[in-house]
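Number of protein chains: 2
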Amino acid sequence: MNFMEKLTRIWAKNNSLVCVGLDPDLTKLPKCVRDIKNPIFEFNKAIIDNTCDHVCCYKPQISFYEGQCAEEDLAMTMAYLRSRCPEVPVILDAKRGDIGNTTKMYAVEAFERYGADAVTVNPYMGMDAIKPFLDYADKGVVVLCRTSNAGAKEIQELKLENGMELYKHVASLIAGPWNLHGNNMLVAGATYPEELGEIRKIVGKTPLLVPGIGAQGGDLAGVLKYGLTEEKTGLVINSSRGIIYASSEEDFAQKAGAETIKLKEAINALR
Amino acid sequence: MNFMEKLTRIWAKNNSLVCVGLDPDLTKLPKCVRDIKNPIFEFNKAIIDNTCDHVCCYKPQISFYEGQCAEEDLAMTMAYLRSRCPEVPVILDAKRGDIGNTTKMYAVEAFERYGADAVTVNPYMGMDAIKPFLDYADKGVVVLCRTSNAGAKEIQELKLENGMELYKHVASLIAGPWNLHGNNMLVAGATYPEELGEIRKIVGKTPLLVPGIGAQGGDLAGVLKYGLTEEKTGLVINSSRGIIYASSEEDFAQKAGAETIKLKEAINALR
Numbered sequence: 148m149n150f151m152e153k154l155t156r157i158w159a160k161n162n163s164l165v166c167v168g169l170d171p172d173l174t175k176l177p178k179c180v181r182d183i184k185n186p187i188f189e190f191n192k193a194i195i196d197n198t199c200d201h202v203c204c205y206k207p208q209i210s211f212y213e214g215q216c217a218e219e220d221l222a223m224t225m226a227y228l229r230s231r232c233p234e235v236p237v238i239l240d241a242k243r244g245d246i247g248n249t250t251k252m253y254a255v256e257a258f259e260r261y262g263a264d265a266v267t268v269n270p271y272m273g274m275d276a277i278k279p280f281l282d283y284a285d286k287g288v289v290v291l292c293r294t295s296n297a298g299a300k301e302i303q304e305l306k307l308e309n310g311m312e313l314y315k316h317v318a319s320l321i322a323g324p325w326n327l328h329g330n331n332m333l334v335a336g337a338t339y340p341e342e343l344g345e346i347r348k349i350v351g352k353t354p355l356l357v358p359g360i361g362a363q364g365g366d367l368a369g370v371l372k373y374g375l376t377e378e379k380t381g382l383v384i385n386s387s388r389g390i391i392y393a394s395s396e397e398d399f400a401q402k403a404g405a406e407t408i409k410l411k412e413a414i415n416a417l418r
Numbered sequence: 148m149n150f151m152e153k154l155t156r157i158w159a160k161n162n163s164l165v166c167v168g169l170d171p172d173l174t175k176l177p178k179c180v181r182d183i184k185n186p187i188f189e190f191n192k193a194i195i196d197n198t199c200d201h202v203c204c205y206k207p208q209i210s211f212y213e214g215q216c217a218e219e220d221l222a223m224t225m226a227y228l229r230s231r232c233p234e235v236p237v238i239l240d241a242k243r244g245d246i247g248n249t250t251k252m253y254a255v256e257a258f259e260r261y262g263a264d265a266v267t268v269n270p271y272m273g274m275d276a277i278k279p280f281l282d283y284a285d286k287g288v289v290v291l292c293r294t295s296n297a298g299a300k301e302i303q304e305l306k307l308e309n310g311m312e313l314y315k316h317v318a319s320l321i322a323g324p325w326n327l328h329g330n331n332m333l334v335a336g337a338t339y340p341e342e343l344g345e346i347r348k349i350v351g352k353t354p355l356l357v358p359g360i361g362a363q364g365g366d367l368a369g370v371l372k373y374g375l376t377e378e379k380t381g382l383v384i385n386s387s388r389g390i391i392y393a394s395s396e397e398d399f400a401q402k403a404g405a406e407t408i409k410l411k412e413a414i415n416a417l418r
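Those protein sequence lines, which keep their order, are chains A and B. Take 148 as the starting number for the first sequence in my numbering and just add one per residue. Take 148 as the starting number for the second sequence in my numbering and just add one per residue.
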C-alpha cells in the first residue's frame, strides 16, 4: 500500500487528523523514565500505546535523536510503531535535501535504515535534490512550503516578478511537476491560516502537514476553515510538546492520550 | 580562536584553498579497508594523513554516515582530525535548518557531539531557523546560496519583484543581517562561475564554499576568475569523489594526496 492510501485509510479508521510529534528532549522527560535504559524509546513507547487509536500519523523529529546520540532509540521506536500500529504512517521529520548522490544516502537513512513511510524535505535546491526520495514510488515526500516559524516570511513571502509569493510558487511545484507518484504533501504552518487557504487553492486535494498547533500557538479554527478539502480531510495536524509533555509526572502517557483525544475532538467539532 | 581566524591562518600556512570532502561510500572503498573494523574511519584516517598539509578544510558529508549507520566512524574521524591537524577547520556538511527548539538540537549535534568548526545550513526557513547555529559565536555557519546541482535554478534563480534573482537576495542576507558574528560563509557552486562573480560583488570578503569541482565538472578557471577576493583568498574549493576515489587500490591514500596537491597547485597557478 502506498503512503497516500495508508493515510487516507487511517483518516477514516481513526476518524482523526491528529499527528503526534515524537520529539523527546531528555531534560524534559518525566523522572520515572529518565533513569531507565533507552529512556527515549520507553517514553515514546508509552506515548504510542496511549495515543495510537486516535492519530492519523506519528512524526519523530530526527534532530532530537541525533542531538542526543539516540539513533538506537529512534530505530527501536520505528520498529515498535511498525508492530504496534502498522496502519499508522510515520513521517520522519528531517528536512533533508542535497545533490543527487548525497540525497540518495539520506533516502536510504529515512526509508531503509528507519523504515519511515514519508520524510520531510527542503525545496531550496530544486527538484533534483529531492528526486532520490521521490524515486521511492510508494513513499511520501513532504516538502516545506510555508513553515510555522516567525522568520519564515523572510524568504517564503518574497514576491516574485509575477507578483506571486515564493511559497505559492513552491506549492504549485510540489503539487504539480514534482508530484511524480501522487505521494507528495506540503508543510504549511498553523500560524498563518489565511496563507493555508491560498495554498489549498493551488494544490487541490494534496494533503498538508500542519505544524504550529499547541506550543507554537497556531489557530485551529482558522486551519480547518482554510485548510480542509471538500471531503473534510486533507490535513495532518501536528502537535508535539502540547501532547508529549502534557504531564511531567508518572501519568504522562495517560495525559498525552487525553490531550490527543481532546485535540482530535476539537478538530472534529470544527470539520 | 574563532572559525574565520582559523580559516584565514590555514589558507596562509598551507597555501591552499582546497577542501577535501570526506564522503565515504562503503561500496566504493578499496578492498584493503572494506573488511576491517570501522572501515569508514580507517579510510578517512588514511586520506587525512596524506592530505592534511595541503588543505584549508575538511568537509564530511553527514548523509554518508547516517545512511550507513556510521555515526561512530564520524565521531572517530572528527576526533582524529582534532588531534592530527587541529589547525585545519572542519565543516560538517549537513544542510540543516528547522524551527528554534529543533535547530538547537541540530546545533548540539554539529558543534558538541561532533565538535565541528562550522556547519552547512539551508536558508529557506529564514534566519530564526539558523539562529541557534549563529548563537555559537566562534563557529562558522555556511548558508546555501547558489548550489552546484542542475535543478538549483528552479528556485534559486527565480526573479523577485525588483528583478533580482532569489540567490542574490539570499547572498545579501547571509553576508549582511544574518552575519551576526562575522563567521558566515556561503555555498556557491563551481558549475556557475559567472553567478559566483555576482555573489562576490554582493558579499565582499565573505568566504565562499565552492562545491562542484571534479566529479560534478565545475570550471576551475572561472571559479578563480570570478570568486577570488582582492587578497586572492575567500574561497574554499571542495573536491570529494575526485580526491578520495582517485584510486581504488591499496595506494588510494597516496593517490588522494597526489590529487590534492595537483588541485592545490592548479588553483595556485590561477590565483
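Misleading hints may appear alongside valid ones.
For identical chains, the list gives no copy identity; a pair is met inside one copy or between any two copies.
[What the hints assert, rightly or not] Capping the alpha-carbon separation at 20 Å, the derived lysine to aspartate or glutamate pairs in EDC-like fashion look like this: (1) Lys402 with Asp366; (2) Lys300 with Glu312; (3) Lys348 with Glu377; (4) Lys251 with Asp172; (5) Lys300 with Asp275; (6) Lys348 with Glu189; (7) Lys372 with Asp398; (8) Lys372 with Glu397; (9) Lys286 with Glu341; (10) Lys286 with Glu189; (11) Lys409 with Asp285.
Read the hints as simulated data drawn from the structure, not as lab findings.
Evaluation of the provided hints:
no., hint, result
1, Lys402 with Asp366, "neither (22 Å within a copy, 59 Å between copies)"
2, Lys300 with Glu312, "both (10 Å within a copy, 17 Å between copies)"
3, Lys348 with Glu377, "within (11 Å within a copy, 50 Å between copies)"
4, Lys251 with Asp172, "between (29 Å within a copy, 11 Å between copies)"
5, Lys300 with Asp275, "between (25 Å within a copy, 11 Å between copies)"
6, Lys348 with Glu189, "neither (42 Å within a copy, 53 Å between copies)"
7, Lys372 with Asp398, "neither (34 Å within a copy, 65 Å between copies)"
8, Lys372 with Glu397, "neither (37 Å within a copy, 64 Å between copies)"
9, Lys286 with Glu341, "neither (29 Å within a copy, 38 Å between copies)"
10, Lys286 with Glu189, "neither (27 Å within a copy, 35 Å between copies)"
11, Lys409 with Asp285, "neither (32 Å within a copy, 45 Å between copies)"
Checked against the numbered hints given earlier, the structure breaks hints 1, 6, 7, 8, 9, 10 and 11 and satisfies all the rest.
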